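Take the sequences, apply the hints, and build the full model.
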Amino acid sequence: MLKPSGNERPGFPRPKRDEILYQKTLSQGFQEFPKRKENYEKYLKANRGEFSHHLPIIMDIENVSRCNFRCTMCEVSTWDKGKRAEDMNLEDFKKILNEQYGLIEIKLQGLGEPTMGASYFEMIKFARERHLWVRSTTNASLLHYNNIAEKFVSSDICELQISVDGASKQTYEKIRKGGKFELMQKNIKHLHSVWKNVGEPRTRMWTVLQKANFDEVYQFTEFSRELGFKRLTLALDLNDFGQESWKTKNSENDIHLKFSQEMAADILNRARLQGLDLSFWYLEEKFNTQSPKNLCPWPFDRLMISSDLRIVPCCMISNPNVASLGDGKQLLKEWNGETYRNFRKQHLTGKIPNFCKSCYKEN
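Residue numbers (my numbering): 1 to 363.
Keep in mind that the hints were calculated from the coordinates and are not lab data.
Remember, it's a predicted structure, so these values are computed and weren't measured experimentally.
Some hints could be false.
[To be verified] Taking lysine-lysine and the DSSO-like style, the derived pairs with C-alpha atoms no more than 27 Å apart in a straight line are:
#1 Lys174 with Lys249
#2 Lys196 with Lys186
#3 Lys151 with Lys186
#4 Lys151 with Lys180
#5 Lys211 with Lys196
#6 Lys361 with Lys249
#7 Lys258 with Lys357
#8 Lys174 with Lys83
#9 Lys351 with Lys247
#10 Lys249 with Lys83
#11 Lys293 with Lys345
#12 Lys345 with Lys211
#13 Lys95 with Lys24
#14 Lys196 with Lys24
#15 Lys95 with Lys83
#16 Lys151 with Lys83
#17 Lys258 with Lys169
#18 Lys35 with Lys125
#19 Lys94 with Lys83
#20 Lys45 with Lys351
#21 Lys230 with Lys169
#22 Lys35 with Lys81
#23 Lys357 with Lys247
#24 Lys83 with Lys24
#25 Lys94 with Lys333
#26 Lys81 with Lys249
#27 Lys249 with Lys211
#28 Lys258 with Lys361
#29 Lys37 with Lys333
#30 Lys45 with Lys24
#31 Lys35 with Lys45
#32 Lys196 with Lys16
#33 Lys286 with Lys247
[Said to hold, decoys possible] Restraint ranges, calculated between C-beta atoms of paired labels, are given here:
#34 Thr349 with Leu273: 45 to 55 Å
#35 Arg70 with Gly199: 45 to 55 Å
#36 Lys329 with Arg270: 42 to 52 Å
#37 Pro292 with Glu182: 47 to 57 Å
#38 Ala46 with Lys329: 24 to 34 Å
#39 Glu32 with Asn146: 25 to 35 Å
Heads up, the beta-carbon is just placed ideally off N, CA and C, and yes, glycines get one too.
What follows is the structure, given as structure tokens:
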């Protein structure tokens, strides 16, 4: 089991993975790759320090840093033609997974729409053949194109998070600029119909609550069931991508202080009546520097690789132009190199980098 972060909020259940599939994947990976099991055991016993005696166990891999949407709360909306860098190629992806023998799971997505990548499904297949837990996200805009819905079903992906930030056409298209409400609904329903032919859909609707859709907060449970979802996660925070400009912009639209315990209980009750697994994602109880166990786990256990093969501190930042920890082509060397050791030291000594401060409690 992964080490708990300690950031639980009573009455706000966290999203849970398919534990049966997860444990099966973990067991198969340990059996076929003994060095993975050895690394994982080192991770479980490790004390957080400047030097890591184990390799990362989780990695976010950005296959593309471009998108066909210009969502109002996302940094991609400010990029020229919605693109930051070239796509990651399949050979580099395979090299990363082959070298990083300690991985047990990956998230295949960063800042962008991953289905736009030419090698996306080959990447999923390769990772699953290595018995890695694979999850990804999509805006569902391309599921009707080139049999993408069918490819998701046959890919054996472990969890697919589908972003739906509006329960009405007006709200959805206001937030997800470039998206088409009717097409999104049609594509998701088609995906679920195809998936049900072979088994239970491994999907989760992911909704980022914000000022523009807060009036629809009680509609999302019913709407998710209409689309065929059995799991819904409501995200209560807007990201600042480690940048003051986005902190200012998104703080104006943040609603987490308005979302009360009573609202959560009401929505949870609605979800239960509809047979829906409802959970919440939030940073309300932030990390702190009182002890190593209360620190963010990313510097010690996990990292992100951008599409142009640079190491990014975490998925909350995602953009290596904001913060980079080294060359993604030299992961084995960089993981305990001077830059990474100093990054860990900053967390251990309470000198949190500015781009990390939004995830920590203020002193």
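Verification of the supplied hints:
no.: 1; hint: Lys174 with Lys249; result: holds, 16 Å
no.: 2; hint: Lys196 with Lys186; result: holds, 16 Å
no.: 3; hint: Lys151 with Lys186; result: holds, 17 Å
no.: 4; hint: Lys151 with Lys180; result: holds, 22 Å
no.: 5; hint: Lys211 with Lys196; result: violated, 35 Å
no.: 6; hint: Lys361 with Lys249; result: holds, 20 Å
no.: 7; hint: Lys258 with Lys357; result: holds, 22 Å
no.: 8; hint: Lys174 with Lys83; result: holds, 21 Å
no.: 9; hint: Lys351 with Lys247; result: holds, 20 Å
no.: 10; hint: Lys249 with Lys83; result: holds, 21 Å
no.: 11; hint: Lys293 with Lys345; result: holds, 14 Å
no.: 12; hint: Lys345 with Lys211; result: violated, 37 Å
no.: 13; hint: Lys95 with Lys24; result: holds, 25 Å
no.: 14; hint: Lys196 with Lys24; result: holds, 21 Å
no.: 15; hint: Lys95 with Lys83; result: holds, 24 Å
no.: 16; hint: Lys151 with Lys83; result: holds, 25 Å
no.: 17; hint: Lys258 with Lys169; result: holds, 24 Å
no.: 18; hint: Lys35 with Lys125; result: holds, 21 Å
no.: 19; hint: Lys94 with Lys83; result: holds, 23 Å
no.: 20; hint: Lys45 with Lys351; result: holds, 25 Å
no.: 21; hint: Lys230 with Lys169; result: holds, 22 Å
no.: 22; hint: Lys35 with Lys81; result: violated, 43 Å
no.: 23; hint: Lys357 with Lys247; result: holds, 11 Å
no.: 24; hint: Lys83 with Lys24; result: violated, 37 Å
no.: 25; hint: Lys94 with Lys333; result: holds, 18 Å
no.: 26; hint: Lys81 with Lys249; result: holds, 21 Å
no.: 27; hint: Lys249 with Lys211; result: holds, 12 Å
no.: 28; hint: Lys258 with Lys361; result: holds, 19 Å
no.: 29; hint: Lys37 with Lys333; result: holds, 21 Å
no.: 30; hint: Lys45 with Lys24; result: holds, 22 Å
no.: 31; hint: Lys35 with Lys45; result: holds, 16 Å
no.: 32; hint: Lys196 with Lys16; result: holds, 21 Å
no.: 33; hint: Lys286 with Lys247; result: holds, 16 Å
no.: 34; hint: Thr349 with Leu273: 45 to 55 Å; result: holds, 49 Å
no.: 35; hint: Arg70 with Gly199: 45 to 55 Å; result: violated, 35 Å
no.: 36; hint: Lys329 with Arg270: 42 to 52 Å; result: holds, 49 Å
no.: 37; hint: Pro292 with Glu182: 47 to 57 Å; result: holds, 50 Å
no.: 38; hint: Ala46 with Lys329: 24 to 34 Å; result: holds, 26 Å
no.: 39; hint: Glu32 with Asn146: 25 to 35 Å; result: holds, 32 Å
The earlier numbered hints that this structure contradicts are 5, 12, 22, 24, 35.
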